[in-house]
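Starting from the two chains in their separate frames, assemble the complex, guided by the hints.
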Amino acid sequence: MADTQALQNPLRDEQRLPRVPDPGVMVIFGASGDLTSRKLVPALYELASQRRLPLEMAVVGISRTEMSHEEFRQKLRETLEEHVSGGVSDDVWDSFAGGIFYLPGDSKEPETYEELKGFLKKLDAERGTLGNRAFYLSASPSLFPTIVGRLGEAGMNEGEDGGWSRLVVEKPFGRDLESARELNDEIRRHFDEAQIYRIDHYLGKETVQNILALRFANGIFEPIWNQHYVDHVQITVAEDIGVGTRGAFYEEAGALRDIVQNHVMQVLCLTAMEPPVAFDAESLREEKVKVLKAVRPIPEDGVEEYAVRGQYTSGWVWGEEVAGYREEENVGPDSVTETYLALRLFVDNWRWAGVPFFLRAGKRMPKKATEVAIQFHSSPHTPFARDDTEGLEPNVLVVRVQPDEGLSLKIGAKVPGAGFEVSSVNMDLLYGTAFLEEAPDAYQRLLLDLMLGDPTLFIRADEAEGAWRILDPVMRRWAEEKKVEFYPAGAWGPREADELLGRDGREWRRP
Amino acid sequence: MIGETRESPGGGPMSVAEIERELGKLRANEDGTLALRSSVLNLIVVTDEASAPEVTRSVSNLAGRHPARAIVLISDPEGEWNVDAQLSAFCNVRGGGGAQVCAEQVTIHAEGPPANHLESMAGPLLIPDLPVFLWYPGAFSPHSPEFAAMADLADRVIVDSAAREHRDASLREMAELVGREGAPAVGDLQWVGLSPWRSLLADAFAARERAGELEKIASVEVLYAPGGECRVLLLVGWLASSLGWTPKGMARDGDRRRIGFDGPSGDVEVFLSPDSPDARLRRVRLRSADYSFQISRHREHREVKTTVMRGEDLVAERTVHLGHFDLGVLVGEELQFRGRDEVYEAALRSAVEILDL
Numbered sequence: 154m155a156d157t158q159a160l161q162n163p164l165r166d167e168q169r170l171p172r173v174p175d176p177g178v179m180v181i182f183g184a185s186g187d188l189t190s191r192k193l194v195p196a197l198y199e200l201a202s203q204r205r206l207p208l209e210m211a212v213v214g215i216s217r218t219e220m221s222h223e224e225f226r227q228k229l230r231e232t233l234e235e236h237v238s239g240g241v242s243d244d245v246w247d248s249f250a251g252g253i254f255y256l257p258g259d260s261k262e263p264e265t266y267e268e269l270k271g272f273l274k275k276l277d278a279e280r281g282t283l284g285n286r287a288f289y290l291s292a293s294p295s296l297f298p299t300i301v302g303r304l305g306e307a308g309m310n311e312g313e314d315g316g317w318s319r320l321v322v323e324k325p326f327g328r329d330l331e332s333a334r335e336l337n338d339e340i341r342r343h344f345d346e347a348q349i350y351r352i353d354h355y356l357g358k359e360t361v362q363n364i365l366a367l368r369f370a371n372g373i374f375e376p377i378w379n380q381h382y383v384d385h386v387q388i389t390v391a392e393d394i395g396v397g398t399r400g401a402f403y404e405e406a407g408a409l410r411d412i413v414q415n416h417v418m419q420v421l422c423l424t425a426m427e428p429p430v431a432f433d434a435e436s437l438r439e440e441k442v443k444v445l446k447a448v449r450p451i452p453e454d455g456v457e458e459y460a461v462r463g464q465y466t467s468g469w470v471w472g473e474e475v476a477g478y479r480e481e482e483n484v485g486p487d488s489v490t491e492t493y494l495a496l497r498l499f500v501d502n503w504r505w506a507g508v509p510f511f512l513r514a515g516k517r518m519p520k521k522a523t524e525v526a527i528q529f530h531s532s533p534h535t536p537f538a539r540d541d542t543e544g545l546e547p548n549v550l551v552v553r554v555q556p557d558e559g560l561s562l563k564i565g566a567k568v569p570g571a572g573f574e575v576s577s578v579n580m581d582l583l584y585g586t587a588f589l590e591e592a593p594d595a596y597q598r599l600l601l602d603l604m605l606g607d608p609t610l611f612i613r614a615d616e617a618e619g620a621w622r623i624l625d626p627v628m629r630r631w632a633e634e635k636k637v638e639f640y641p642a643g644a645w646g647p648r649e650a651d652e653l654l655g656r657d658g659r660e661w662r663r664p
Numbered sequence: 009m010i011g012e013t014r015e016s017p018g019g020g021p022m023s024v025a026e027i028e029r030e031l032g033k034l035r036a037n038e039d040g041t042l043a044l045r046s047s048v049l050n051l052i053v054v055t056d057e058a059s060a061p062e063v064t065r066s067v068s069n070l071a072g073r074h075p076a077r078a079i080v081l082i083s084d085p086e087g088e089w090n091v092d093a094q095l096s097a098f099c100n101v102r103g104g105g106g107a108q109v110c111a112e113q114v115t116i117h118a119e120g121p122p123a124n125h126l127e128s129m130a131g132p133l134l135i136p137d138l139p140v141f142l143w144y145p146g147a148f149s150p151h152s153p154e155f156a157a158m159a160d161l162a163d164r165v166i167v168d169s170a171a172r173e174h175r176d177a178s179l180r181e182m183a184e185l186v187g188r189e190g191a192p193a194v195g196d197l198q199w200v201g202l203s204p205w206r207s208l209l210a211d212a213f214a215a216r217e218r219a220g221e222l223e224k225i226a227s228v229e230v231l232y233a234p235g236g237e238c239r240v241l242l243l244v245g246w247l248a249s250s251l252g253w254t255p256k257g258m259a260r261d262g263d264r265r266r267i268g269f270d271g272p273s274g275d276v277e278v279f280l281s282p283d284s285p286d287a288r289l290r291r292v293r294l295r296s297a298d299y300s301f302q303i304s305r306h307r308e309h310r311e312v313k314t315t316v317m318r319g320e321d322l323v324a325e326r327t328v329h330l331g332h333f334d335l336g337v338l339v340g341e342e343l344q345f346r347g348r349d350e351v352y353e354a355a356l357r358s359a360v361e362i363l364d365l
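These protein sequence lines are chains R and V, in that order. Just add 153 to wherever you are in the first sequence, counting from 1, and you've got the working numbering. Just add 8 to wherever you are in the second sequence, counting from 1, and you've got the working numbering.
Isolated chain V (complex conformation) (with noise of 0.2 Å):
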């Protein structure tokens, strides 16, 4: 992307009124005209130092598709009390008009009592009338002492469930979040990451013949990166919830795990295999007593077969782009959507459910 980032040079301790005209004054071109400024959304991200350049570079990749007032916390709660605002403006070139446009950041390092309290310091920087999204790119816990604040300013709190060391806890800990009352709309990165794979697993299905299988599935296996377990038990728990499996037990070998589940047809039977170290997710394979139906990665590119077997023989293949999934495409993904997403927290519920076992 064409663009050009400029940077206040003020920065430290700073009014709301200050932080406004110092972005307007950023959008000034060298010419004396103003760049015009463009949002779509709010987009308030609570990080630490440590991720914090990583985050700043996925949110000016989203300022193409998803421009937004850019309100970046970086917070330390251990350090001394302390709160600093540093500005920046992402402005592109666009059309033969030559018009620039810009996207603000506003980052504020929030240390010692403030980072307690960031709702007082995110609320008034909000772009109004438009929607506010929330994201914690760490790791998240809904217990966190400045969370409920936070999530009373979001329409959407976007988060990734396999940030955290202790991933079956973060599950249960988004369960329990998405099953409050009043909770808000809950997106997780892990579920976006699976979003082409639910989608080709779908189209496996699609032709008439095979639709009735779905209800015959005896065993599942998935083939994945060691620590993809959040990923992977979202995606079970999807087919278990959509499929109107029950889980009824595990066994562990290892890492890897079987789960037992009683299905409208019998017993299935899903294997989880985290044997697969450079790829998040490998291979998906489903099998009736007919078929069987394989979603599988490329090693090198980033593309997916799949493939149907009928017994011996091939009844479909087809390769296609998996998509790409850096950081900012899944962050990109979840601005899309709107309101509570209930897929998802019937997977979750389910994965709970297993995790249960």
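Isolated chain R, as found in the complex (with noise of 0.2 Å):
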């Protein structure tokens, strides 16, 4: 398949100047939903309008509402300026509009995809788009093996004339490990999985990125950064907000299918992987899946010692009374659903044996942050009187991925005065300050480099797929068990999340 096309350009300085895709369209299923108008298209526009986009470059919706391509032009012009940050320049949105075209259609249909298939070619004539196109799934996930069947069918998993064509899938990747392997065997049918571009913003985003740097730009932190000084990890994800109008989709995910299994894992693959030969697809990628085979598999029939499911109560959040996840809009007032979950994880290679991880992701919690926070051991001996360490604690090196992205080291030092008292003191890092700029919005980020052709920061089957297998225990038990433990909304999690810990005599930090 030819994915990349060898046009020599001698006025491309790919030294100095931003690289810029090959022209090609780009397909949105789904086109009238949310993801489209909030997301995909606003991020479009300021990719184009600061020239990272080629000059032939389209944008076909399709969805089954109808209307004419004018009509679709109007509605997102209309709340593009609630989505980009620089402003909307009529001049430059009226010459990226006239690239912008809609299709009605049923994506169950076949015609659909004729028509579909000759309106892109007569968008490779008029607009010079080369055959290539990247096909973007934001339809509903049922209708995922539909789409893909279809346009394999319409031979359009294939570029027109040498192009190429890519595939975009927004998660869920499949419900559980079954359904992903379905759909991942669905899709593989027709596309190759290097066409396949699975979609986790989360890695799209620059502080998450950092991770990466942090471990493997810097000489000193790999060294200690196995069983040896670690004694353990915690990964928080928490949010602040509750489920919101969000609540019939909610009550079908949970915490685990809407953040644990893509967020969270990859948080995880990120802190605990190997150092990459390259920081390229295969490399990272290899890497990453190599850590979720490695974690110790959850028995089937001793959930409750590794994972604890809760939900919040109504309670009080920065000021504010919040009512409880069962009394939120759409959810069943016996809900079970979880809104935390707090597991407890072993990742069984050379590196980690041993060490646990800990992991948590909860809506409601007193505030938002994201942070991995790696424990050491305390030092083997201090020669200092015990009375005199009372306030030393272990060491613990935080990297904090949002809000205030940065690092902070515990150190012991000498509390200043007679004697050698020593105490803890954080030392705080916030690279995120060092560079004042904002960074781009992680859907930008992540278009480019699907159109670039470089799936490095997209999630590979296997990937999902392994995420899945660790979670398929804990999921096959609560369905069974239909129970959830409470914490009022503002707290850290129920009490049994710290019991987790608690039983080895470690307990949660407050991030």
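Among the hints, erroneous ones may be present.
DSBU-like, lysine-lysine: derived pairs with alpha carbons at most 35 Å apart [to be verified]:
{"#": "1", "chain 1": "V", "residue 1": "LYS33", "chain 2": "R", "residue 2": "LYS567"}
{"#": "2", "chain 1": "R", "residue 1": "LYS274", "chain 2": "V", "residue 2": "LYS224"}
{"#": "3", "chain 1": "V", "residue 1": "LYS224", "chain 2": "R", "residue 2": "LYS275"}
{"#": "4", "chain 1": "R", "residue 1": "LYS270", "chain 2": "V", "residue 2": "LYS33"}
{"#": "5", "chain 1": "R", "residue 1": "LYS228", "chain 2": "V", "residue 2": "LYS313"}
{"#": "6", "chain 1": "R", "residue 1": "LYS270", "chain 2": "V", "residue 2": "LYS313"}
{"#": "7", "chain 1": "R", "residue 1": "LYS274", "chain 2": "V", "residue 2": "LYS33"}
{"#": "8", "chain 1": "R", "residue 1": "LYS521", "chain 2": "V", "residue 2": "LYS33"}
{"#": "9", "chain 1": "R", "residue 1": "LYS446", "chain 2": "R", "residue 2": "LYS274"}
{"#": "10", "chain 1": "R", "residue 1": "LYS563", "chain 2": "V", "residue 2": "LYS224"}
{"#": "11", "chain 1": "V", "residue 1": "LYS224", "chain 2": "R", "residue 2": "LYS192"}
The set of hints was computed from the structure by calculation and includes no laboratory data.
Listed below in structure tokens is the structure:
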């Protein structure tokens, strides 16, 4: 498959100027949905405006709603200002919108694809899009297999005239291991793995990528990043918001499917992985998959020792009284859906043998915080009198992903004065503040990578399946058990989660 | 940008240790906590009294994206012997924690003989282990008395080839500088200003059926503002060096020039017209037998339009932002780049060949 085109352009100065993708078309299925107007089109507009997209770039939206090209453009334009940072210029929008088209059609019907195929050929001829296509599945996940199958039948799983064809799949990648495998098998009947871009926008965040920079651009952390020095690791993804208007969605998903299977597992991989040989798609993803493979399977009959399922009741968050989950809109009064999940995992490999990884994710926590805390062993022997070291705790290195991106290291220091009293102090480095510039939106980064054909920051099939494999016993057990532990909104999770660590004398950090 | 500039009440002659101590004090907040220092590079600026305010403003604008220790040297070799230091810190609150982060600036007035030994003052003030950029915002000559010693301190030298009255001489000296053995890496603000134009021109030929037209370019027209020769010659030099054109003759008609090249498919004629006073670069148009490719700037907005025509037919058209290019942005672009810029050096050599015609 011709995935790259060797068009020699002597005017391209790759050393100095940003790379611009080959001409191409992005086709969005489910184009009347929220994601298109909130994320995709604003990201594309900003990329176009900053000269990061090719001159010959077109966007084709498909969904069932009847709309003309012009009505579709108008609809996108109406909300654009809310979603771009730098304001909208009419001239730039008009020029960009000239490349936006809309086809009303039922994505289940073969005729839709015949029409699409003809339309894309016409665009190739009229707008010079070179037969390159990226199909973005932003429709309901239940339609993914059908759309992929129809694209394959219509021969659109290959680009026209030697162009490329890529498929973007939004999460969720299935509902469990079995459905993820089915979906992957279904997709791979028509598309090669190299053509498939599973998008988890978390990986497009600068701050998440910075975990890699911290670990692999600095020689001093790696030698102590293992079981010889590390007592345990805590990964926290906390939100202060509740489910809001997404009750119906959340009832189906829960924290496990919404956050843990994708975002939290990705952070686990980046924290625990071995150094990749190169920062390219296969090297990086290979190492991530190795982590997932090394995670000790959770026994289905002992799930409670590894996982805690929590749900918020009413309480107070930041001076505001908020409703419990069961009182939220479109949520069942006896729902056992988890809004909080804590896991105790072991990565059984040479580096991490015996080091527990405690993961937690929840809604209606006291504040929004994403962090990875590496808790080191205590010093083996302290020469100072016991009374003098009361305030001393083991070293902790915290990598904060958000909101105040940075590092903090807890170190022991002498308290000024006579005697030798030692106490812990926090050394903070806010590397996020070293650069004031706002990082680009995650979608901008990922859409550009997609057009450039770089899948490094996208999820490979075995990654998605590996994450489900770890969680599958938990989901099966919970499906039978229908029991959930409660925590008041504004707390750091249920009591049972404290016990998960307390059993071996550890406790959760307060982020 | 939200932030505050803190200045040291001190000033006057100070030792290196005193300067470091005073800079430390500037980072102390009113509540007794200490703001962080953030620096990813050292930036030495050599300027004169008249340009100092604008330069200082650009330097503090750079603090957001390129937090640096800035050492601004205001040099007056003709003056009475005097050295005087002023200190300031540009501090920002960032993040929910309310932590202050400061970038420091040391301004040194050097008059009389010390102005010829600026390196003796800049060197000890550099933060160790960080790259050193040396920026000459004004007229620059590699033959100036202090330059060689200053360049030894620097990993990269940033200049503005158009800052001198005599622009031809400026380009020639720059070419000579980059041609020297062991010469420092050089960045030119005139070249950075061309980046979006170069990018847009490259984009215009991305379509497969037009890629071949690059070899068949027969004429180029550039419309620009009077005084913009350096930038325009670099643009033409870049086209010539990238596309394999050899200059063979030049004709002048007032300020306008017509330059002839030998191209891969025959003659190429380049017309330079400084007839557009309101935009440094107004329009670039390349023509082959079948196509015309035009990039033109909007009269009022910072927007540029690309137009590709085949005969009378419009083939492609697009409007994008040109981007903001004040002094701080241009310098910021240069600070991102390390090492020698070979494309620039080739363009510069080619520009000098044109001047030699």
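Structure-based check of all given hints:
Under the criterion of a C-alpha separation no larger than 35 Å, the hint pairing LYS33/V with LYS567/R is consistent with the structure, at around 23 Å. Distance hint between LYS274/R and LYS224/V is fulfilled; the C-alpha atoms sit about 28 Å from each other, no more than 35 Å. For the proposed pair LYS224/V and LYS275/R, the alpha carbon gap of about 28 Å is at most 35 Å, so the pair holds. For the hint linking LYS270/R to LYS33/V, the alpha-carbon distance of about 68 Å lies beyond 35 Å, and the restraint is violated.
This hinted pair checks out: LYS228/R and LYS313/V have alpha carbons roughly 25 Å apart, not beyond 35 Å. For the proposed pair LYS270/R and LYS313/V, the alpha carbon gap of about 30 Å is at most 35 Å, so the pair holds. Between the alpha carbons of LYS274/R and LYS33/V the distance comes to roughly 67 Å, so the proposed pair goes past 35 Å and is violated. Simply put, LYS521/R and LYS33/V have alpha-carbon atoms about 34 Å apart, close enough for the 35 Å limit, and the pair holds.
Our distance criterion of 35 Å between C-alpha atoms is broken by LYS446/R and LYS274/R, whose separation comes to about 43 Å. Proximity of LYS563/R to LYS224/V is assessed by CA-CA distance (about 65 Å); at most 35 Å being required, the pair is judged violated. For the hint pairing LYS224/V with LYS192/R, the CA-to-CA distance comes to about 41 Å; that exceeds 35 Å, so the pair is violated.
Going down the numbered hints, you'll see the structure goes against 4, 7, 9, 10 and 11, while the others check out.
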